Amino acid sequence: MNTENNTPAPAQKKDNTIKRRITGFFTDLYKIHLFIVRFFKEAFVPPFEFKEIVRQCYEVGVRSFALISVTGFIVGFIFTKQSRPSLASFGANSWLPSLVSIAIMRALAPLVTALIASGKVGSSIGAELSSMRVTEQIDAMEVSGTNPFKFLVCTRVLATTLAIPILATYTALIGMLGGYLNVSMNEGVSYTAFVDQFFRPLMFLDFTSSLIKSIVFGFTIGIVGCYQGFYSKEGTEGVGKAANGAVVTAMFLVFIEEIIIVQITSNFR
Amino acid sequence: MEKAKANIDYTKTVISIRGLEKSFEDFAVLRGIDLDLHQGENLVVLGRSGSGKSVLIKLISGLLKPDKGTIEVLGKDVCCLSDKELRELRIRMGFSFQSSALYDSMTVRKNLEFPLVRNQKQLGRKEIDAAVESVLDAVGLSQTINQMPAELSGGQRKRIGIARTLILNPEIMLYDEPTGGLDPITCTEINDLINEVQQRYHTSSIIITHDLTCAKSTGDRIAMLIDGKFQRTGSFEEVFETKDERIKPFFDYNFIQ
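In the order they appear, the protein sequences are chains A and B.
Counting from 0, one number per residue, gives the positions in the first sequence under numbering that gives the first Met the number 0.
Counting from 0, one number per residue, gives the positions in the second sequence under numbering that gives the first Met the number 0.
Only chain A is shown next, with the shape it has when bound in the complex:
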C-alpha cells in the first residue's frame, strides 16, 4: 500500500504548525481579555470574599517574605558596593546614598519584588488552581452553588495586587538597610545622615510611580497565575505547564510593563 500520498510534505507541515501557533496566540489573547473583563465584572460586585482575600494576602506575604528580605538586603548592599568606584573616581562618595535611593525606589524594589513574586507566588497559584481543575475540585465548587471564579480567581488577584506594593515597600526599606551597612562600613556615615541623604533626592513622583508599578505587577502576577491554572489542560502534565507558564509569562510581562511605565512617568519629570 502506498502511504506517501497521505503524508504531508515537510513544508506543508511547517506551514500548518506556524498557522496553528499564530491562531493559538490570538485565541489565547482573546481568552485572556475575556478573563480580565470577567475579573472586573465579578471582583467588585457583592458578595465580597473578605476573609479569603485576607487569607490570600497572608499567603502571598508569608510565601515571599524570607526570600524578599534576603534579596532586598543583598541588592542594596551590592549595588552600593559596585557603584562606589565610579563615584569615587569623581570624588563623589557622598552621593552614594542618593544614588542608591533613586535606583532602589525608582526601579529595583518594585522589579525585584515582582520577579521574586512571579517565581514564588505566580507558580504556586498556577499549580494550585491547575491541580484543583485536574481533580475536579473547581467543578465540585461550581455544582455546590459557589462561583469558583469569584472565590478562587478574584481573591487571589486582589491579594497579589494589594500585597505586592506592601512587599515592594518592604524591599525598598531592606535595600536601604543593605546600602547603609555598606556605606557605614566604608565611609563611617551615621544612620541619621544616611537616611537624610537617602530620602532627600526622592520626589513625590518617585513614590507614586513605584506604587503604580507594584500595583500593575501584582495584578499581572495574579491574573497570569490564575489564568494558567484555571484553564489548564487535564493531567499532571497540565499542572507542570501551568506553573511554568505562570512564571515565564508573568516575568516577561513585568519587564514589558516596566519599560512602558518608565516611558510614561519620565514624561512627567
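One or more of the hints may lead you astray.
Here are the simulated DSSO-like cross-link-like pairs (lysine-lysine), alpha carbons at most 30 Å apart as the crow flies [said to hold, decoys possible]:
id : chain 1 : residue 1 : chain 2 : residue 2
1  : A       : Lys40     : B       : Lys64
2  : B       : Lys247    : A       : Lys40
3  : B       : Lys57     : B       : Lys67
4  : B       : Lys83     : B       : Lys64
5  : A       : Lys149    : B       : Lys2
6  : A       : Lys149    : B       : Lys228
7  : A       : Lys149    : B       : Lys120
8  : A       : Lys240    : B       : Lys120
9  : B       : Lys67     : A       : Lys240
10 : A       : Lys232    : B       : Lys57
The set of hints was computed from the structure by calculation and includes no laboratory data.
Note that the coordinates shown come from a computational prediction; the quantities given were computed from them, not determined experimentally.
With chain A fixed as given, assemble chain B onto it according to the hints.
Just chain B, lined up with the frame of chain A:
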C-alpha cells in the same frame, strides 16, 4: 443488603431530556438522548468507558453546554438559565464525583461546611455543626471529622464526597462512577449507602456506572448507553435478557469478572 422498595411517583418527572446531542470537535458523544427521571427513582446509566455517561450528567448539572436538545431539571431548562439561576438550581442537585473531588487543603469538617456556609448564610455555628455531624453520621464516618482528605481511604473519600452533597438536602443526586476503583466490600457499602440516601433523603438519582453489581443493587431502572443513544431501558432483568450483540458482551464480561 437487599434494596428496599422505592417510593417512586411516576406522575412527577424531575429530569426530562429531549433530543440531547453533544460533540467534542468531530466526535459525536451523545446523538439524540431522550430521558425521564421520576421522583424518588434511582436510574442507572450503564455503558462502556468513553460512551458519554459522565458527559450526560455534566450536561444535566450545567457544567457543559449541549449542542442540541433540551434538559429540564425540576421544571427549569438548564440551558436557558442565568448564572445566578443555575447556581440556585444546583443547590437542589447533588453531584458525587468519580474522584470524590474533596478540597484537599481543607479538613473533612471544612469540606462539609463549605457548601452550607456559602449558600445558607443565615445559619449559626451550632446549626452548621449539627448539620455536619448529621451527614457524617449518615455516611458512618463521624470519627474522620478533623482529618484531611489525604488521610482517608478511597471508600471514605467517596462517602465524604456524598456527605458533602447531602448537606444541602438535594432533591436530585447525580453519582459519577460511585464504585469506581474500590474493592468489592467497599463497593457493597457504597451501594447500600446510595439506597439509604434514596430512602432517608427521598432523592431521585442518576447513577453512572459500568459495574453491574452496583447497577443491580441500586437501580430501579437501567438505561444502556451505546453509540451515543439509549439502546435499551427497563429493569435490570429486562435489559439483561437481550440478544442484542452490542449489549450481551458487556454483561458476559462483568459476570466473568
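Against the structure, the hints:
1. Taken as a hint, the lysine 40 of chain A and lysine 64 of chain B pair is honoured in the structure, with Cα atoms around 22 Å apart against an allowance of 30 Å.
2. Note on lysine 247 of chain B and lysine 40 of chain A: the hinted pairing is violated, with a Cα-Cα distance of about 53 Å set against a maximum of 30 Å.
3. Under the criterion of a C-alpha separation no larger than 30 Å, the hint pairing lysine 57 of chain B with lysine 67 of chain B is consistent with the structure, at around 15 Å.
4. A distance of roughly 16 Å separates the Cα atoms of lysine 83 of chain B and lysine 64 of chain B; the hinted pair therefore holds under the 30 Å criterion.
5. Of the supplied pair hints, the one linking lysine 149 of chain A and lysine 2 of chain B is violated, its CA atoms being roughly 42 Å apart against a limit of 30 Å.
6. For the suggested pair lysine 149 of chain A and lysine 228 of chain B, the alpha carbons sit about 37 Å apart, so the restraint of at most 30 Å is broken.
7. For the given pair, lysine 149 of chain A sits about 17 Å from lysine 120 of chain B by alpha-carbon distance, which is consistent with the 30 Å threshold.
8. A hinted pair counts as satisfied when its Cα atoms are at most 30 Å apart, and lysine 240 of chain A with lysine 120 of chain B does not qualify at roughly 38 Å.
9. A threshold of 30 Å between alpha carbons decides the hint, and for lysine 67 of chain B with lysine 240 of chain A the separation of about 34 Å lies outside it, so the pair is violated.
10. In summary, the hint linking lysine 232 of chain A to lysine 57 of chain B is supported, as the alpha carbons are separated by about 18 Å, within the 30 Å threshold.
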